[in-house]
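Please model the entire structure based on the sequences and the hints provided.
In the working numbering, the protein residues as written are 168 to 1000.
For the record, the hints were derived by calculation from the structure and aren't laboratory data.
Just so we're clear, the structure is a prediction, and the values are computed from it rather than from any experiment.
Ideal Cβ placement from N, Cα and C applies to all residues, glycine included.
Hints should not be assumed to be uniformly reliable.
Cβ pair distances, simulated, as ranges [stated by the list, open to error]:
1. G599 with A237: 50 to 60 Å
2. G508 with G210: 56 to 66 Å
3. P720 with D774: 11 to 21 Å
4. R666 with K995: 36 to 46 Å
5. G599 with D774: 18 to 28 Å
6. E511 with R666: 54 to 64 Å
7. P946 with R666: 44 to 54 Å
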Amino acid sequence: MSSKSSTPSPASSPILVMKFGGTSVANADRIRNAARLATSEPGPVVVVTSALAGVTDELIRLGLLACEGARAEVTAAVGVLRSQHLAVAREITGVESGALATTLGGLLDDLEHLLVGIELVQENSPRTADLLVSFGERLAAPIVAAAIEASGGKAEAVDARSLIVLDDGRAPAAVDMAESRRRTRAAIPPNDDVIAVVTGFIAATPDGRTATLGRGGSDYTASLVGAFLDARAIWIWTDVDGVMTTDPRVVPEARVMAAITYREAAEMAYFGSKVLHPSTMIPAVDRRIPIVIRNSLDPTQPGTRISDEPSPDALGVKAVSAIGDLALVTVEGSGMVGVPGVAERVFATTARLGISVYMVSQASSEHNISFVVGRFDGDAAVRGLEAEFELEIMRHQIDGIGVQSPVGIVAVIGEGMRGTPGVSQRMFTALGRAHVNVLAIAQGSSELNLSVAVAERELQRAVGAAHSRFGLTRDTHLFVVGKGLVGSALLRQVVDARRKMAEEHGIGLKVIGVCGRDELLFDLGGLSDDRLSAIAAGRGLGELGGEPRPADPALFHRIARSRWLDVVVIDVTAEDNADLHAAALAHGFHVVTANKKPMAGPYDQYDRILTTAAEHGVQYHFETTFGAGLPALSTLQDLVATCDSVHRVRGCFSGTLGLICSELESGRPFSAAVRDARARGYTEPDPRDDLSGVDVARKALIISRQLGARREMDDITLTGLLAPELAGIADPNELMDALPALDAGMEERRAEAAASDRVLRYVADITDERVTVGLQCVPCDSPLGQLNGPDNILVFETERYHDHPLVIRGPGAGAEVTAAGVLGDILKIVRSL
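Written out as structure tokens, the structure reads:
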């Protein structure tokens, strides 16, 4: 190394430590990439390298083979390692032989001699095993140093055994910090322009023997070297973009966190997240050196910064971790209540047996103690405790000691949980909605994590539920049933709006499925904008990769396996989909519907849907079932919720019939007005639903039920616009051809109304006593008389709004307006989550 020896204060040290994991130095291309990263950063850099990917595992395997006397297989395998390392060296240096090849050849010869020795004594002792696996890093370091020099830098391989010494031969807690710090600072001057490439994972005992640093050893080396040199930061280069909010194999929407604290990282690691082993961070934590996890395969990503600077999430929770393959042991009995020393004896027993305890839960009544251990330690713990409490069991002071396995622990973690109310409530609501049974609960006084034990078969579902409930899954998943006029308009609006929603409001909308009458397009990863636009333009789902199946309750099992809680099923059909709605709600999905039929069917069906939503803690929105995008339903619900007495609701609830009535005023024939409304997309798929008044009657029935009435459709006095002989014509085109027969009668009614300064309006009139729906003459200067075109109007006469009724008026028909109302209901759900 260079002889520069200036030693800055710890606070001003410019050194950056970079650690490259095995995947980052897997081959020549990756090693060259690592070299570029090391040389592109300004200021002094120290590199810590792991062995090439897979080499450590291969060395362990060779040790086992040598013990078994498999010399031929060992020789062949060493030959493969030799070829691998020399080939990488050749690619990097561009020469067949040279100093690097000589160094590697000497190390590989030593490796082969060691394996022969293991074969001769037929023993691979811990000391020998440490020496054996050390060859991985010792071979990698000179290759990485050569790559740095080939890219224009200066580098020198440094054997960590000359830097890090253990005080009693054990690792990782027994590093002689003072001596190791002295050696490291002497060997690596702080302002050197030569990059030291340090072997990770290995150290030396006081008498010079090779030792390894245990789990996460190379990360630990980087942390030690960074602490000894008072580095400004430690960068851990790996093959992921950073620390994720949870395991992406369980929740595909897991995202990278920009920053977490040391304590959060340690908690995540303890509960199974593949971050850093908690002990590897200790040296960096002691010196308050930030650790950054970065992706060497995509260095443009900023990664995750781990430091002592908290950046709490709005809901307090930063991540969800989980660990499985555990067992829950329970000691219970009425004789435990108020008896001191029971817990002490329980955990003294587990300590004596060498059993690690992951989580402890005790009832406040002291009637039982539950704790979680490794799955294969559960039976041993029970046997040990039965021996310890043999007398208490005989006296029935302890009723039993049992074990349940396999179980897992789910932990929600975040510094911001401290003092944040509602964290537990959100957690248990999420697990309840996901049908996850909680076996045990634990939360420390630091409030850094909340942990629950669950059956292992429910572990992944619990992780997904918690991740979603705390807003860590930013996407809301939409399943759209219906691709007609409203469905197509909704898809267009989602495509147009979701980028802006994501950028400005942090709202992600992902359409995972679209269902037609007899075909389905489904993709849990989300349908692209191009596919959604094609559907909105009228393309068949089969053309876009769909399958021939209708929407049915069985389909929700498939979605439920995704473990998402933020699924919204959207019904924009005119089908009798009550069973579909109930099934979606029972699976824990929210429902938004513009379809009136489920809510206007038999009262028991209406009640079943709302009861199912309440029982499963999900939302059911049907604002657009009357009034399209108008806030009519929410206004009605607010009036009822604030204990106002609603005496009467009158209104024109059909944009189609409103448009037709307006056209009659201008002198157009009834049949021409209907044909024009249909051409403009205002009518229902079956125009008889409009002209018969059934569509308005359904809306009136829903309003009546929301006011507390147990009415059925037969209870409504309904007078339609169609003569009986026309009401039976099912074909829409035939119906249009037959409508001129009604023109003369309608003109006569219009003229009669005009003669008395009145106009025709199709009105629903709702009171406690009755509901009537039909064509009425209303004063021109009344709110209903002033209505024009396809607008809807609702007039609420209440105890508070008696002299001056509350009036809501606006567009009440049309695919775009209705789709906008549906999207508004979706956003209400998203914001509430």
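Against the structure, the hints come out as follows:
1. G599 with A237: 50 to 60 Å: 56 Å, holds
2. G508 with G210: 56 to 66 Å: 58 Å Cβ-Cβ, so the 56 to 66 Å window holds.
3. P720 with D774: 11 to 21 Å: Given a distance of about 19 Å, which is inside 11 to 21 Å, the answer is holds.
4. R666 with K995: 36 to 46 Å: 20 Å, violated
5. G599 with D774: 18 to 28 Å: 22 Å, holds
6. E511 with R666: 54 to 64 Å: Cβ of E511 to Cβ of R666: about 59 Å, so the range 54 to 64 Å holds.
7. P946 with R666: 44 to 54 Å: Once the Cβ atoms are compared, 49 Å apart, the range 44 to 54 Å for R666 and P946 holds.
Violated hints amount to a single one, hint 4; each of the other numbered hints is respected by the structure.
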